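The chain contents come next:
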Amino acid sequence: MKNSLILVFTLLLIITITTTCIVNSFSVSAFIAPVIMVLAAVKFLLVAFQFMELKKAHSFWKISLIITLGLLVILIIGIK
Amino acid sequence: MDTLKINYKSIYYPPGGILMWIIIFLELITFGMALVAFVYYGIENATVFHESRMQLNTAFGATNTIFLLTSGFFMANAVHLFKENEVKKSSVFFKLAMLGGFLFLALKSVEYYHKIESGISLDTNMFYTFYWLLTGFHVIHVIMGLVILGWTNYGMKKKNSDTTVEDVEACAAFWHMCDLIWLLLFPTLYLFF
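If you're matching them up, the sequences are chains R and U in order.
If you're matching positions, the first sequence starts at 0 in numbering that gives the first Met the number 0 and goes up one per residue.
If you're matching positions, the second sequence starts at 0 in numbering that gives the first Met the number 0 and goes up one per residue.
If we strip away everything but chain R, and leave its shape as in the complex, we get (with noise of 0.2 Å):
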């Protein structure tokens, strides 16, 4: 097994604890929604920069993805 890829699958694991936790512990409120889709985003672009190998691609697909998907969180946050 990869170093890398355990240590990225441990922060995974602490970050998706950490979410739940949070979310028991506070009511959902104005801030703390922008922390849940933050915390979200960062483990998307784990997956897909590391489990995925996005790291070794071309620009075109790391920027187009982080748009997307940066896009997707601000509409979200936005709205809510």
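Because the hints were derived from the structure by calculation, they are not lab data.
Keep in mind that this is a model prediction, so the values were computed, not measured.
Be aware that a few hints might be false.
Stretch by stretch, here's where chain R covers chain U in the computed footprint (C-beta under 8 Å, at least three residues) [said to hold, decoys possible]:
1) 32 to 39
2) 66 to 75
3) 101 to 111
4) 178 to 185
Just a sample of chain U residues kept apart from chain R, beta carbon distances all over 12 Å, derived [stated by the list, open to error]:
5) Ser9
6) Thr57
7) Val86
8) Thr128
9) His140
10) His175
One side of the interface only, derived from the structure: several residues of chain R facing chain U at Cβ under 7 Å [said to hold, decoys possible]:
11) Met0
12) Thr17
13) Thr19
14) Leu45
15) Val46
16) His57
For every residue, glycine included, the Cβ atom is placed at its ideal position computed from N, Cα and C.
Assemble the complex: chain R is given as a structure, and chain U must be docked to it using the hints.
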């Protein structure tokens, strides 16, 4: 096994293949727009969405996230090992990745069973219309992913297998796409309202 080096830095050869990435973008945009609509209607029906969201089992959602992330981790290792020509070890990780998918489906079935038993259906309210459609379409993707994983794993173990690194990467990219979609569905459906 094909040992030709792939030039990932070329715009035409992202890991997994250009066609798979076009599919991934289309899927992300489709699910993404549905989530934007979900949040939009959620603001208009804030009380209904909050009450409905509170009926969902967050522990089930979080556990399913962990199942898919673990499965994705095994898949990433399977691709890495296949590239190293360790086909047998790669096959073991393929099976572990599939196990994560089956566990996801099993827990999702339990969740669906509880909802159906409580009389919650597609037309209960707007929240549950989105819930059933979004999670249902995602489940279909997971089932398709498991079929692709099983088929690729069967092909790569055969004698004189013609399974290439590109095949395994494309299969892995589809599987990770299921992860990516769920990583957006879980916080929005289970935690947001």
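Here's how the hints hold up against the structure:
1. 32 to 39: The restraint on the segment 32 to 39 of chain U holds, since 4 of its residues have a Cβ under 8 Å from chain R and three suffice.
2. 66 to 75: holds (count 6)
3. 101 to 111: violated (count 0)
4. 178 to 185: holds (count 5)
5. Ser9: Given that some Cβ of chain R is not farther than 12 Å from that of Ser9 (chain U), nearest at about 6 Å, it is violated.
6. Thr57: Nearest chain R Cβ is 6 Å from Thr57 (chain U), so the label is violated.
7. Val86: 16 Å, holds
8. Thr128: Non-interface label stands for Thr128 (chain U): nearest chain R Cβ at 18 Å, farther than 12 Å.
9. His140: 15 Å, holds
10. His175: 5 Å, violated
11. Met0: 5 Å, holds
12. Thr17: Violated, about 11 Å.
13. Thr19: With Cβ-Cβ at 4 Å, under 7 Å, it holds.
14. Leu45: 9 Å, violated
15. Val46: This hint holds: Val46 (chain R) lies near chain U, its Cβ roughly 5 Å from the closest one there, short of 7 Å.
16. His57: With a minimum Cβ separation of about 4 Å from chain U (threshold 7 Å), the hint on His57 (chain R) holds.
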